[in-house]
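The whole structure should be built from the sequences, with the hints applied where relevant.
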Amino acid sequence: MIRIKIHHTRRVAALCFMIVVAASAPALGDALFTYGYTPRGMAMGNAIIAGVDDFSASYYNPAGMALLEKPSFGIGYMATGDFLKALHADDEIELDDMQGLLIGSSIPLPFGAFLSRRLAFGFSCFFPDGVILAIKVPYPTEPQYVLLQNSGRSLSVAATVSLRIIDGVAVGGGAQLFDNTSGRIDATVDPNGKVEATVGQELTSYYAPIAGVMIRPELWSGKSSGFRFAAVFREKFFTEYEIPISSYLGGVPLVVNLRAVSLFTPRQWIGGVGYGKNGSYHYELDVSYNEWSEFPDPNFDIDVKFEIPLLPIEFQNSKPYQTDFKDTVTIRAGGEKKFYDGDRLDLWGRGGYAFEPSPVPDQTGETNYLDGDRHIGAIGLGMEIPGFGFSDESLPHRFDFVFQYHYLQKRVFKKDTSIDADNPGYPRIGIDGSLWAVGASYSTLFDYQ
Amino acid sequence: MIIAFVAVMLCGSALANPFDSFGAGVRANAMGGAYAALSEDIAGAYYNPAALTQAHGLQFEFGYHWAEPHLEFNHKPVDVDKNAGWQFGGLASQYIFKKRFTAGANIFVPDDHVMRFLMLPRSEARYVMYSNDNHVLVADVAVGLGIVEDRFSVGFGLSLMGDNAGGVDMQIRESESSTGSLDSNIKPIYSPIYGLWGRPLDMLRLGLCYREKTEVNLDLPNTIHIPELETFDENSISILAESEVYLVAESYSHFSPRMIQFGAAWDISPAWLVSADVAWQQWSAYHDQSIDMIIELDGGLGQLFKISPQPPLEDPDFEDIFVPAFGVEYIPAKRDLWRLALRGGYWYRPSPVPDQKGISNFADSDTHAFSAGIGINAKDSYGVAPKPFSLDMYGRLRVLEEREIVKDSMANPAGDFVIGGNIYGFGASATMRF
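Line by line, the protein sequences give chains V and S. Every letter in the first sequence is one number past the one before it in numbering that gives the first Met the number 0, and letter 22, counting from 1, is 21. Every letter in the second sequence is one number past the one before it in numbering that gives the first Met the number 0, and letter 83, counting from 1, is 82.
In case anyone wonders, no lab produced these hints; they're calculated from the structure. Honestly, I wouldn't trust all of these hints.
[As the list claims (entries may be wrong)] Simulated crosslink set (DSSO-like; lysine-lysine; CA at most 27 Å straight-line):
| # | chain 1 | residue 1 | chain 2 | residue 2 |
| --- | --- | --- | --- | --- |
| 1 | V | LYS193 | S | LYS305 |
| 2 | S | LYS97 | V | LYS193 |
| 3 | S | LYS356 | V | LYS193 |
[Stated by the list, open to error] With the Cβ distance kept under 7 Å, some of the chain S side facing chain V (calculated, not the full set):
| # | residue |
| --- | --- |
| 4 | VAL113 |
| 5 | ARG115 |
| 6 | GLY161 |
| 7 | ILE171 |
| 8 | VAL247 |
| 9 | ALA248 |
| 10 | ILE294 |
| 11 | SER380 |
| 12 | GLY382 |
Where is the CB? At the ideal position from N, CA and C, for every residue including glycine.
If you want it as structure tokens, here you go:
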């Protein structure tokens, strides 16, 4: 018996190692970084990495999937808007509203023997309406909501796996798929004015890993309530765009190499402590360290080659702009409590708060990146009714709703005296206003039939 | 010209998405794609969503496909990119209101890129079926609903692709650093798939599937602004007036024809299964996928360089075709813990491409595909896997008949040419069931 246990422990350790090494999991797109993934999580201020126990585990903390008893599937919709204002700017800055569909699932795999209740698989997807991948790179000095303008500009697909090490302790990992864009445009105009062209463009994929651990002591102690602990790591991600344009005008080469980095989301280290009772309440405090200091120059890197015969002209390449973003610490707190426990209906109330400091330094130079500290408040409602339509009434249907509000602290930047008066942010520019998000989702448990 | 042809082919291969060209599953491939009535695995998300209701419980499939073209141009080899990538997906089945409901996804991810566009001048020769459009991620999701348990079901699915639009706006300058902006958007395109499936007799299964065409639009407008250029600053002598260069590249890509596929499968005995399908493919809707490049020069550069208006692209006049397919599966050995299946298949695709007598040089010919496969279905005696798992493999030889292209005019720069060759394919997958 002892030998069998040792044997199983080695296999579990090997699986654990594989999962952590392969740790390829969900770090969903920028919209999810800004607002969150599911109505339940958003309503709790996204302070849910220690308490997640539904289809959203694949995003918030993949380790949580292995602690589920039954598979969970969910689908929902999110919409966002803003009341932002660029202060002292000549023109208003439009921030695109974003809507999108979210789908996810967490599936404990019903293996037997030493893998019994060990492994789970999950995925999380976010499909912004009308977008697979959108990249917007404004002119460098153009006033812009440098962090918020890319929300909802990338489809996000992530797959995760999870391993329960012992009752109440699990690890998980996975990867999110991202795309880079590269290619070329070649056009030749011969001396007779005839055009010959070839265009190539490709999207190459790369994967941003995520890993998580969840510890729920009440599951091995047999108690129904207690503290829960979790940690999640999400790798940074961004997308690169590189397309050289080569045209030959009557034998004169006009070659422009273009390169930009967009959709940056920082590397995150998140820790969370929760306290809850199954089926009754859960409260949680999460802290996230966000490595915004690696934010790259978001402007075009342009390399020009255009020499017109007999004209002594030398075009200049673009110049780099320092971003000097700083790392931030985000604090999130949230909770949920069942406030109505009926025969055919359970109701949950939720609330949450988060403080998201801005990583953007004072814009006293040429660039006009507008961003401010955000206070995020959220409320939500959850409804649960017994199964209908499915063969088993023990598989409930859940409906969740959220309203989330982001208040941006007013911020005004005064330009240095060295800045040209024709800079759009001269002599000062600032930001004020708010963001909002609403969402609804349906989720259910299911059996293997 | 041959060198140019070879150079172009180094970059790629073309029509129809990977599922159209190479099949959507290992067992399906082994059975020649005669799968509209079978489709009891993730391949059903492509071949017939309605037939997914034959699958019970939960299953995951993970596999790899590889296809290596050995194609010729004037009896000399040309280099067409291989097509290879991972295929994976899953099925989950559930009773809803006492009706079986099965949802599935089937995804193919090419090795090298999620998507590739390669737009060539029209006169450039290319193997039109194999040079670009296979290089794309394909994601089919589908649901099947059993109307009469194990007798009749309906299904619906979506195939996801993406349009590509947007370009750069730049200012290249002499007196200060150049600068630019970009607004690029790849938008999703969803093409529906509808299916019907029935089992009128215990031994006979029928399937009917409609797949809408897919086609990607590429629209890349680029603008380069050049301010007035001066020299001898102190005298401010203008040597080139303010100019603008517009480069707009437009094209169609990744065409997959509208299809209607009907199939029948006959369980002759517990050991023998045969299937036969015929698919109508509407290739007449095919647009020329050559690049339509518009270049305009305004201002000073417009006075230096003249651009002639470009002739519009012509209708390539592809033809609709019928593609028959046949498959067979034989189980020579069946034991308590394992079962062995041998498979074979054949399909014939007449080329939709008309004789290339004019300026275009779309290379394609009637094609025969022969496939064979093996599948092992095993139970886990250690009790780890709750249901039997499968390991499947296939190999396929695709033969392009030799075709001679004779141009109308001796002055045509492409000249007459002969095409033909083979494409070798291989794939393997593992399926876990719960």
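How the hints compare with the structure:
Under the criterion of a C-alpha separation no larger than 27 Å, the hint pairing LYS193(V) with LYS305(S) is consistent with the structure, at around 9 Å. Between LYS97(S) and LYS193(V) the CA atoms are separated by roughly 67 Å; this puts the pair beyond 27 Å, and the hint is violated. In summary, the hint linking LYS356(S) to LYS193(V) is supported, as the alpha carbons are separated by about 22 Å, within the 27 Å threshold. For VAL113(S), the interface hint holds, since its Cβ comes within 7 Å of a Cβ in chain V; the closest pair sits about 4 Å apart.
For ARG115(S), the shortest C-beta to C-beta distance to chain V is roughly 4 Å, which falls under 7 Å, so the interface hint holds. Checking GLY161(S) against chain V by beta carbon gives a least distance of about 5 Å; that is within 7 Å, so the hint holds. Satisfaction of the interface hint for ILE171(S) is found here, the shortest Cβ-Cβ separation to chain V being roughly 5 Å, below the 7 Å cut-off. Checking VAL247(S) against chain V: minimum C-beta separation of about 10 Å lies over 7 Å; hint violated.
Annotation: interface hint on ALA248(S) holds; nearest CB of chain V at approximately 5 Å, less than 7 Å. Because the beta carbon of ILE294(S) sits about 5 Å from the nearest beta carbon in chain V, less than 7 Å, this interface hint is met. For SER380(S), the interface hint is violated, since its Cβ never comes within 7 Å of a Cβ in chain V; the closest pair sits about 10 Å apart. The criterion of a C-beta within 7 Å of any C-beta in chain V is met by GLY382(S), whose closest approach is roughly 4 Å, and the hint holds.
Of the hints listed earlier, those the structure fails to meet are numbers 2, 8, 11, in rising order.
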